[in-house]
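Place chain B on chain A using the hints.
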Amino acid sequence: MRVLIAEDDAVTAELLEATLQEFGYRVTIARDGREAFHAIRSGKYRLVISDWEMPEMSGPELCRRIRQRRWSGYVYVILLTSHSGVESIVEGLDAGADDFLTKPFDPHELRVRLSVGQRILGLESRDLTIFALAKLAESRDPETGAYLERIREYCRLLAEELGRTGTLAEEIDGGYVELLYLTAPLHDIGKVGIPDRVLLKPARLTSQEFAVMKQHTLIGARTLEAVASINPEAQYLRMARDIALTHHERYDGTGYPDGLRGEQIPLCGRITALADVYDALTSRRVYKPAFSHATAVQVLREGRGTQFDPRVVDAFLELQDDFELIRARFENAPSMFDGVRLQTPDACSDAPLVSADLRDPHPLFDGSLGIS
Amino acid sequence: MNAMTDQPSCTFDPWELLGRCLGKPELAARVLQRFERQLAEDLLRLEAAIGVQDYATAGGLAHRIKGAAANVAAHGIHEQAGQLETVLRMRMDEQLSATWQSLLAERDRFEESVQSTSLLSLQAAR
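These protein sequence lines map, in sequence, to chains A and B. Just so we're aligned: the first sequence equals residues 1 to 372 in the numbering used here. Just so we're aligned: the second sequence equals residues 1001 to 1126 in the numbering used here.
These are computed hints drawn from the structure, not numbers from a lab. Here a beta-carbon is modelled for each residue, glycine too, at the ideal position from N, C-alpha and C. You may find that some hints are simply not true.
Residues on chain B that point at chain A, a partial pick, calculated with CB under 8 Å [as the list claims (entries may be wrong)]:
(1) Val1031
(2) Leu1044
(3) Arg1045
(4) Tyr1055
(5) Arg1064
(6) Gly1067
Bound conformation, chain A alone:
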């Protein structure tokens, strides 16, 4: 990663440069704030270490100038200073600095503070990546409105409840809930690879068409796996992949694409499966009316231990009033994911896009209820 150093003192600049190069960073040095600001405008630098006191433009002034402009991504600024005391910290933060490093700097502290900066920048890129992928997923989804918002709200509710009580409390903490909330909207991203004639068909799918439709789990998982393989530390991509792959698996092993059973199915997939079915049941489709909340509860209750993890169903039953509230809250609400709907070329084939030994569809998902 590139780091820009704004430092008029050649000694400190050389020491910083050598230390950062040792840590694997690519370093550029600007001799004052003005030169640094010019370099930042190139768009190459998102990590900046700036001295406080420099000719032409001081560190705090550089921070202010950075914050006044729109950039393609967040610019993380560490102020290097021999100023100590609360007043300086307040002045620096007020100017837009993200962190401080006191002179003389300790190399190990420098490394840790840069890691923090990278983590923050990584979070931003994570949220943007998820948002972009969710927009893509939404662009191919026949549902309208706040479908993805509902799904992630349902997932969050279920995960929080499961984390509070029972045997899954060990596995689910606040971080898990947050990750699930972020990634659940990507569960159907594989639908970008399903032809319109299947995806939008306003009638029951034939068995051949349904075989095509089922491949959205594999297409989504493979897409996310490809991204995850070049970002091995991105946990969210692994969870997103698991959700995309397994949200149509059934607890009794009769789901698809892999016929996983029980705890072979990742927890995030088991949670999203219930949220997705509840939403499908209670939503109107062009080929079916919205079922009542009570009907949906009945269907999910009947699926306890067969289609769904019993603990997830129990959590749902505890929270069913909240589910109904979320459904009402997002009914007819505009979606942050809404965008232009993409269409596949007419020439798209219905032939399977990914070969897989898929199981026969369960009645709930064979088109008879209009849910896929």
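Just chain B now, with coordinates in the frame of chain A:
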């Protein structure tokens, strides 16, 4: 600072410099050389700025010397440059000459200390 003698407690700490340079004596030697070169230039400019009573420039230079000295573990210069910066910024004119002379004296002590130190042998001794 030693309160009894009014002298800095340690002029130069080569071990500390080596630590700041991740244990690399070549880097420490390079940084030290750069510091000595920059110090000589900055002291000349500082003297000139004081001579024309340009206290803003002089204060900035004293500040830079202070920061660079801290990074190379030149504690004596760091302290004296810090005092000079205060004198310049607070316009304590009556203390200016003495503080300036103290900084020059500390520069001399630092050079002696550096000449008697071999960073490579320090590293080998580890």
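Now the hints, each set against the structure:
no.	hint	result
1	Val1031	5 Å, holds
2	Leu1044	15 Å, violated
3	Arg1045	12 Å, violated
4	Tyr1055	15 Å, violated
5	Arg1064	5 Å, holds
6	Gly1067	5 Å, holds
Checked against the numbered hints given earlier, this structure breaks hints 2, 3 and 4; the rest are met.
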